[in-house]
Amino acid sequence: MKHTWNFAACCAGLAACLLTPGVAAAQLVQLAQVDEDEEVLNEPAWKETAYALPDAPREQTLRAFELSPPSANQYQIDLASLTLSADGVIRYVLIAKSRSGASSTTFEGLRCETGERRLYASLGNDGRWRPLKRGTWMPLGTVANNPRMALAVDYFCDDSTPARSREAIIDRFRGRIDHIDPVRGVAP
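In the working numbering, each residue's number is its place in the sequence shown (first place is 1) plus 226.
Think of the hints as simulated: they come from the structure by calculation, not from any bench.
These figures come from a predicted structure and were not determined experimentally.
The C-beta atom is built at its ideal place from N, Cα and C for all residues, glycine as well.
Some hints here could point you the wrong way.
[To be verified] Ranges of calculated distance between the beta carbons of each label pair, as one might list FRET restraints:
id : residue 1 : residue 2 : range
1  : A271      : G327      : 16 to 26 Å
2  : G353      : P270      : 34 to 44 Å
3  : S330      : E269      : 34 to 44 Å
4  : R325      : K273      : 14 to 24 Å
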């Protein structure tokens, strides 16, 4: 349902607010209501751009990163797979290794603007990608030892904006800091 501005209805609502204070909050909420289906400020709806599955990761392009609090698992990102596309999605290969030696390699995407992530594919034992049939965008989550949240806060995002370039993200992995964490108020 599309909401439109109606001067007469607005005046009637304002009069009701003035005459009946108990109705004021309900009237103001109704007047301020924005239809969720409407585009805010006429911005086009977000659309994900096409992407290609990356090459399988190579040892020389892997970079480890730490979680806070520390995790029993080890996490690495393949810097060669890292892309920052026009749609604002940062795509990357994530490798998780347990103490027992089990590992998982996934191709994922992260949106700083919405705090969401998406799993595109997992790497099989034969070195071939297995695309997900229905990968959907999901919230990053707030649990401790969350590698995707660590990537978002410490490397990929400046608050809700992606880093300015792929090179800036790589610099952050190499220890060259160019941003301040807005939550902690310090460089990560």
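Each hint, compared with the structure:
no. : hint                    : in the structure
1   : A271 x G327: 16 to 26 Å : violated (45 Å)
2   : G353 x P270: 34 to 44 Å : holds (39 Å)
3   : S330 x E269: 34 to 44 Å : holds (37 Å)
4   : R325 x K273: 14 to 24 Å : violated (41 Å)
Violated hints, listed in ascending order, are 1, 4; each of the other numbered hints is respected by the structure.
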